[in-house]
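Let the sequences and hints guide you as you build the complete structure.
Okay, here's what each chain looks like letter by letter:
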Amino acid sequence: MSKKFWETLPQGSVVLEAGSSAKFKTGTWRSVRPKWIEENCIQCLFCWMYCPDMSVKVNAEGKREDFNYDYCKGCGICALECPGKKGKKAIVMEEEGK
Amino acid sequence: MTTKPLKLRELAKGEDRFTHGHRMCSGCGAPIIVKQVLMATDYPIIASNATGCLEVSTCIQQYTAWKIPWIHSAFENAAATISGVEAMYKSLVKQGKIEDKQVKFIAFGGDGGTYDIGFQSLSGAMERGHDMMYICYDNGAYMNTGIQRSSATPFGANTTTCPAGDIIPGKPQQRKDLTRIMAAHGIPYVAQASPAHWMDLMKKVQKAFEIKGPKFMNVISPCNRGWRSRTDDAIMLSKLAVDTCYWPLYEVENGVLKITVKPKEKKPIVDFLKPQGRFKHLFAPENAAMLLQIQADIDSEWEKLQKLAAFYGTEEKQ
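Quick mapping for you: the protein sequence lines, in order, are chains Z and G.
Counting from 1 along the first sequence, just add 135 to a position and that's the residue number in this note's numbering.
Counting from 1 along the second sequence, just add 1175 to a position and that's the residue number in this note's numbering.
If you want a taste of the chain G side facing chain Z, the calculated C-beta under 8 Å gives, among others:
1) Leu1183
2) Gly1196
3) His1197
4) Met1199
5) Gly1202
6) Lys1210
7) Cys1234
8) Gln1236
9) Ala1240
10) Trp1241
11) Ile1410
In silico PhoX-like pairs for lysine-lysine, Cα to Cα no more than 20 Å straight-line:
12) G/Lys1242 to Z/Lys160
13) G/Lys1188 to Z/Lys192
14) Z/Lys192 to G/Lys1242
Chain G regions said to be covered by chain Z (calculated; three or more residues, Cβ under 8 Å):
15) 1189–1195
16) 1403–1409
Calculated from the structure, these hints are not laboratory results.
C-beta atoms are modelled at their ideal positions from N, C-alpha and C, and glycine is treated no differently.
Shown next as structure tokens:
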């Protein structure tokens, strides 16, 4: 976002654009990354429901797709809550940069 | 407006009204709660926010995570602010200046902005009978400013203003039961919810929006920084809080209390305390009596709640 001066800012600290935080990518905070293993996924969507950063992408059919790594902060809630298939988790946490 | 069906697949196709890019800590419980609340309904919503983690990190100059009209004015007056917005809206509709789109009004506040600082404004708004809903996300301390105790901090918890050490073993006082205090206002709907039980939480939001008048909902919101737990256990801990009856899920509709989720098997409170570093000192041998007291208090509260449900005859409908 380009630098703004007081003359160009809206008065009273009003933010005129809804959902503008999407321009601020929080993915750089992450030190561990979730990995989605599609064959173990039962499409329960618990990861989507419990993600605090709205970083689980869901397509038009309501099926989950890969993570949105631009915003995922790597908390690991999805991996812990993932029921997986036959005891095998569909989301595992991996160290970033490996 | 018809009530939205709560099917995950259908919900997932909808648009988020609370978006990513907010700067809440990794693994915070509050954004999960806000997302679930806004997802539960298709009504247009206007929200106000008390100062707190949620406010400072979702709305930083030029960046907002909200896709709904949202206002913040001060710490103590989230309820007064939204009651003013609601009164203005009603007046404009009455004057014929705008058409009535069945807008719903929500105030979000943390436990500091609800239990302590915003309490008189909340109590006032409830008493005046505004058509609004107040949602408190209770993380049990002033987490935003560095984990100072609040009146929602549980007995025995270690915070920076009641540090566990040689003098005191954590917070010496009991937490206050705000949900029951709000129920004592005689308002049409009061509920307690947990983000782990999303269906229950969203049902309560839907129910509340169909009721005219002031509503209050208290939601447990794990904070891994303040609770000294791991970043991935927000949902696990809110589930444990319900299973140990530390945070029973119930609602009070027109004075009638009903327990909405009864744990299949009541777990010992130690299961909830153990993963949290703020209770670490309670497991030292000299504090064993405190653990027993916490368990005894929870048992008696749970007993009381069940007796009340039995009194109203709502316990069979589980």
